[in-house]
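Both chains come to you apart, so use the hints to assemble them.
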Amino acid sequence: MMLLASSLLAAQIWYIVPLIVSVSLVYGATRHELPRPILYHAWHTAVWMTVFMGGIFLVLWGVSAWL
Amino acid sequence: MVCILGTYFFGLALGEGKVVYASWNQVDRRWQYPLQLGVGLPAIPAIVQGMVVRRNNPPLLGGAMVPPRNQEELSDWHYRLNMRFELGTLYTMIAGLLNVLAIWDAYGGPVLSEPGKPERGPPDDKSKDKDKKGS
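Top to bottom, those sequences are chains W and B. Position 23 of the first sequence, counting from 1, maps to 677 under the numbering used here, and the rest follow consecutively. Position 43 of the second sequence, counting from 1, maps to 200 under the numbering used here, and the rest follow consecutively.
Think of the hints as simulated: they come from the structure by calculation, not from any bench. The model shown is predicted, which means the values in this text are computed figures rather than measured ones. Watch out, some of these pointers could steer you wrong.
As the list claims (entries may be wrong) - Chain W side only, calculated, beta carbon under 10 angstroms to chain B, not exhaustive: (1) 666; (2) 669; (3) 675; (4) 676; (5) 677; (6) 679; (7) 681; (8) 684; (9) 685; (10) 686; (11) 687.
Note that the Cβ used here is the ideal one computed from N, Cα and C, for glycine as well.
Chain B extracted, bound-state conformation (with noise of 0.2 angstroms):
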């Protein structure tokens, strides 16, 4: 949880909180968001951003998670914070895909390795049975 909820805050720390939003429209289809949504509850507050502004309402938390107003907004971000927009989607992105990786381990156990070559090692005795009756 250290290793995830740190990947994914590292993130959002490097884009500045704007990396992660939820918006599906014209000015931008975010597909990302649906893989940052993994980590579960910290990525909540796109949603409810993306919400309260759809309503024209002033957006909560001082403005992060907010999706972009028009697309001179996204490409300021994209200017301003340049690769470490696309690093920040990546560590988050990361982030929510190990965290279904852990649900899955969480649900159905730890996974087991393909079995191994069986080792050499003496014939068994029903083998031993095989020998003499073909003799």
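Isolated chain W, as found in the complex (with noise of 0.2 angstroms):
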């Protein structure tokens, strides 16, 4: 549990963020003419990013804590 909270408070994740904001904002506006459809669409993007990027993390977490 230590090791998640410090990859978690690890300055470099954060580094994260912008990129969700701009490639989910981006791809939104690729799908969309409208602002409010842009956003609707950028958050569930951002959303699914997260998650999946999260479940990738989260098995590598269990991978490191049990090698």
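Structure, rendered in structure tokens:
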């Protein structure tokens, strides 16, 4: 658990936030033309990416804790 | 455009202007540069810098986007910038790829989602006629 906490608090993990924001906004903008649908789609994309990468993070964390 | 250029310049600043350079020789095969080039004009100075340095002229723009002269210099960048070199490369690459997506969107318009399943409801007139004929 300490490893998970230290990983979450590590500085480099927060570099993912601007990337998720910009990627989801640009992806949303390629699907819609109006601001509200773009933001709605971007929010869903951001949540999807966060959950997907969070899952990979947890798997890797589990493997590193097991090894 | 704000997102793409913001991502690109944030990555460039993270790497102190050294993560975007055009080099394809024994020292470094910079395969990331074609992806970074997708961002367009902001990545063009790297080509100019590469040409200037190859002709043994002093680099322009205070040495920004200059390819490494040898393996030791590249190793020094990695050592000094540490993870910021890789993060800057990643940011600028993603900015380039996002711009390709934006260019595609500008060319072809918004990408349409797949059509969903038809909604359930009363059958239309044609199907009613078929039922009557069948009975």
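Verification of the hints:
Look at residue 666 of chain W: its Cβ gets to within about 6 angstroms of chain B, closer than 10 angstroms, so that hint holds up. The restraint placing residue 669 of chain W at the interface with chain B holds, with a minimum CB-CB distance near 6 angstroms, inside the 10 angstroms limit. With its C-beta approaching chain B no nearer than about 7 angstroms, residue 675 of chain W sits inside the 10 angstroms limit, and its interface hint holds. Because the smallest distance between the Cβ of residue 676 of chain W and any Cβ of chain B comes to about 4 angstroms, under 10 angstroms, the interface hint for this residue holds.
Because the beta carbon of residue 677 of chain W sits about 7 angstroms from the nearest beta carbon in chain B, less than 10 angstroms, this interface hint is met. Annotation: residue 679 of chain W was flagged as interfacial toward chain B, and the flag holds, the nearest CB pair being 5 angstroms apart, inside 10 angstroms. Contact between residue 681 of chain W and chain B, as hinted, is supported at the beta carbon level, the nearest pair being about 7 angstroms apart and thus within 10 angstroms. Interface restraint check: residue 684 of chain W against chain B, minimum CB-CB distance 4 angstroms, threshold 10 angstroms, status holds.
The interface hint given for residue 685 of chain W holds, since its Cβ lies 6 angstroms from the closest Cβ of chain B, which is under the 10 angstroms cut-off. The beta carbon of residue 686 of chain W comes within 6 angstroms of a beta carbon in chain B, closer than 10 angstroms, and the hint placing it at the interface holds. A distance limit of 10 angstroms between C-beta atoms decides the matter here; for residue 687 of chain W the minimum to chain B is near 6 angstroms, and the interface restraint holds.
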